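Please model the complete structure; the sequences and the hints are all you need to start from.
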Amino acid sequence: MKKPEPVQVIKKRRDAALADLVGGIPYIGFLGVTFERRGDELTSTLPYGEHLVGNPILPALHGGAVGAFLEIAAQVELGWQTYWPQFEAGATGPKLIPKTIDFTVDYLRSGLPRDAYARAVVNRSGRRFASVHVEAWQDNRNKLFAQATGHFLMPQIEG
Amino acid sequence: MEDIDKKAAIARQFIGAIPHSRALEMRVDAVHSGRAELSLPYNERFVGDPESGVLHGGVVTALLDTAMGTAVVSHPQSTGGTATIDLRIDYMRSAIKGQRLRAEAECYRVTRSVAFVRATAFDEGDEPVAAAAGAFTVEGAKP
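As you go down the protein sequences, you meet chains A and B in turn. Terminal number for the first sequence in this note's numbering: 159, no gaps in between. Terminal number for the second sequence in this note's numbering: 1143, no gaps in between.
For the record, the hints were derived by calculation from the structure and aren't laboratory data. Warning: the hint list may mix true and false statements.
Derived Cβ-Cβ restraints for the label pairs, each shown as a range [stated by the list, open to error]:
#1 A:Gln8 to B:Arg1109: 38 to 46 Å
#2 B:Ile1010 to A:Gly39: 44 to 52 Å
#3 A:Arg124 to B:Thr1079: 38 to 46 Å
#4 A:Gln8 to B:Asp1126: 40 to 48 Å
#5 A:Ala16 to B:Asp1126: 39 to 47 Å
#6 B:Asp1090 to A:Asp139: 29 to 37 Å
These numbers were taken from a predicted model, which means no experiment stands behind them. Glycine included, each C-beta is placed from N, C-alpha and C at the ideal position.
Encoded structure:
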């Protein structure tokens, strides 16, 4: 029987694959979005920054920044799930991020001036299209401040 | 007329005071009773696909959302600020690399609590890049 891979090797490979997927996208860096991985589960974080504010009096996060954060979380989740088998097989090289067809954001509460978190679920991914739902919260996981559903064009995977 | 000009001035001030809009270098090109045109320059920091160099959809979302909010506050029936309740965006194509992104928003209906808005985004060409529809709050209105 084949010996299982050492845990450090697996972690290193998966972390490198994730960094590969998101690292080259300037807008993710501009917003400051980071990703945390537990196995194949991803949590996106939007660390609070003054440049994200949409209402300086309240203050509250900008609806556009929140929408962009959710879109990034959904897109990266879909890309991650799509390429997971290739990552596991040790394939490297640039990966295409899925293109958004449409995106609908539901603003449930105003975004507070603190960190925000998001997790996305791929409800359906076919050969050409995918439907992804994403939820975002701040202090309490069960008090969502925004949620969204989007449709994406699947990147055409070689092979 | 004076009232409309005042609304436009308020709308410009409204955008100038928004840090996220400033960070994206948004500019108010026109505001007139329920209609707003905003634009932002191409910037490599806002790219979503490094291979093609096109702007990320999130930038389009932010510009459309801001243009729509501006259209709401400039509407004659608006009484104050606004917040997005719901926003849907359809992405028709990528904005061309290097070109300005422009959004035209129209607040076509205001009730006591809700403003209904639609908007379209363009690059420097005439074919739309994205279309949006949204519902916004009407602040300061009596419930």
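Hints and how they fare:
1. A:Gln8 to B:Arg1109: 38 to 46 Å: violated, 59 Å
2. B:Ile1010 to A:Gly39: 44 to 52 Å: holds, 51 Å
3. A:Arg124 to B:Thr1079: 38 to 46 Å: Since Arg124 of chain A and Thr1079 of chain B have Cβ atoms about 43 Å apart, the given range 38 to 46 Å holds.
4. A:Gln8 to B:Asp1126: 40 to 48 Å: Because 55 Å falls outside the window, the suggested range is violated.
5. A:Ala16 to B:Asp1126: 39 to 47 Å: holds, 44 Å
6. B:Asp1090 to A:Asp139: 29 to 37 Å: Holds, since Asp1090 of chain B and Asp139 of chain A (Cβ atoms, about 33 Å apart) stay within the stated range.
The structure is inconsistent with the numbered hints 1, 4, although it conforms to all the rest.
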